[in-house]
Amino acid sequence: MDIEWSPLAIDRVLELAEYIALDKPDVAMQWASDIFDSTEKLSEHPRLGRIVPEIQEVEYSELIEGNHRIIYFIGVSKISVLTVRHGKQLLFVENLK
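Counting in my numbering, the sequence shown runs from 18 upward without gaps.
Keep in mind that a hint or two might mislead.
Using C-beta positions, here's what the derived DEER-type ranges look like [what the hints assert, rightly or not]:
id : residue 1 : residue 2 : range
1  : 23        : 83        : 14 to 22 Å
2  : 92        : 39        : 30 to 38 Å
3  : 42        : 110       : 31 to 39 Å
Heads up, simulated DSS-like pairs for lysine-lysine below, C-alpha to C-alpha not over 30 Å straight-line [said to hold, decoys possible]:
id : residue 1 : residue 2
4  : 105       : 95
5  : 58        : 105
6  : 41        : 58
7  : 95        : 41
8  : 41        : 105
Everything labelled a hint here was simulated from the structure, so no lab data went into it.
C-beta: ideal position from N, C-alpha, C; glycine also.
The task is simple: from the sequences and hints, build the whole structure.
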């Protein structure tokens, strides 16, 4: 299955990596790499994550990578990565659909 990143998801990874890099540039690069690496597993195992608790629909799942949530949608022919959020941030469902 193909994996597609939304503009929002890409922006969030860049924003978070820039923030982390303010104190620890090496950690920021590794963190971003880990985020992208963890989503690659979804091409073979789309149901690897859990259902997003705020949505409760089987098509919306999330992977946990460290303190961050990678929110994605499982479609018929592709997986769409919708956003990346810190686990303590509120997730507003209306911004995903």
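These are the hints, each one checked on the structure:
no.: 1; hint: 23 with 83: 14 to 22 Å; result: 21 Å, holds
no.: 2; hint: 92 with 39: 30 to 38 Å; result: 36 Å, holds
no.: 3; hint: 42 with 110: 31 to 39 Å; result: 34 Å, holds
no.: 4; hint: 105 with 95; result: 28 Å, holds
no.: 5; hint: 58 with 105; result: 24 Å, holds
no.: 6; hint: 41 with 58; result: 27 Å, holds
no.: 7; hint: 95 with 41; result: 34 Å, violated
no.: 8; hint: 41 with 105; result: 21 Å, holds
Hint check: a violation occurs at hint 7 only; the rest are consistent with the structure.
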